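Novice: Sequence:
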Amino acid sequence: MIVDLGDADGTTVEVAVGHSIDLVGDDEHFTEWTAEIADPSIVEFVPGHDDGSAQFNPGLTATAVGQTEVSLSNDASGDEVAFTVVVTE
330 MIVDLGDADG TTVEVAVGHS IDLVGDDEHF TEWTAEIADP SIVEFVPGHD DGSAQFNPGL
390 TATAVGQTEV SLSNDASGDE VAFTVVVTE
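With our numbering as the guide, the letters of the sequence shown map in order to residues 330 to 418.
Think of the hints as simulated: they come from the structure by calculation, not from any bench.
A quick note: this is a predicted structure, and the numbers were derived from the prediction, not measured.
We put the beta carbon where it would ideally sit given N, CA and C, even for glycine.
Errors might be hidden in some of the hints.
If you anchor each label on the Cβ, the simulated ranges turn out as follows [as the list claims (entries may be wrong)]:
1) Glu-418 with Ser-382: 15 to 25 angstroms
2) Ser-382 with Gly-339: 28 to 38 angstroms
3) Ala-411 with Ser-382: 13 to 23 angstroms
4) Glu-361 with Thr-390: 11 to 21 angstroms
5) Gly-347 with Phe-385: 14 to 24 angstroms
6) Thr-392 with Ile-331: 14 to 24 angstroms
7) Ile-331 with Val-394: 13 to 23 angstroms
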């Protein structure tokens, strides 16, 4: 699933367990995002990175069924985004 960081604030995102959420919309500071996850047993944050040959967006991996709040922040850009993730079977 693809979620635009510019549109995610205050929303609820639904994803199946074992799937990922690709966080797009920040081509300049994509490696600087960090996350606070209320229940880290439900989703896991994957930082954005650049391996020299490709750029990878930050994301979330759904690891267990449930619901959790996710707060993302980017110190480089000053952006903050908060939303709910619901993981289904």
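Novice: Decide, hint by hint, whether the structure agrees.
Specialist: Checked hints:
{"no.": "1", "hint": "Glu-418 with Ser-382: 15 to 25 angstroms", "verdict": "violated (36 angstroms)"}
{"no.": "2", "hint": "Ser-382 with Gly-339: 28 to 38 angstroms", "verdict": "holds (36 angstroms)"}
{"no.": "3", "hint": "Ala-411 with Ser-382: 13 to 23 angstroms", "verdict": "violated (33 angstroms)"}
{"no.": "4", "hint": "Glu-361 with Thr-390: 11 to 21 angstroms", "verdict": "holds (19 angstroms)"}
{"no.": "5", "hint": "Gly-347 with Phe-385: 14 to 24 angstroms", "verdict": "holds (19 angstroms)"}
{"no.": "6", "hint": "Thr-392 with Ile-331: 14 to 24 angstroms", "verdict": "holds (19 angstroms)"}
{"no.": "7", "hint": "Ile-331 with Val-394: 13 to 23 angstroms", "verdict": "holds (21 angstroms)"}
The earlier numbered hints that this structure contradicts are 1, 3.
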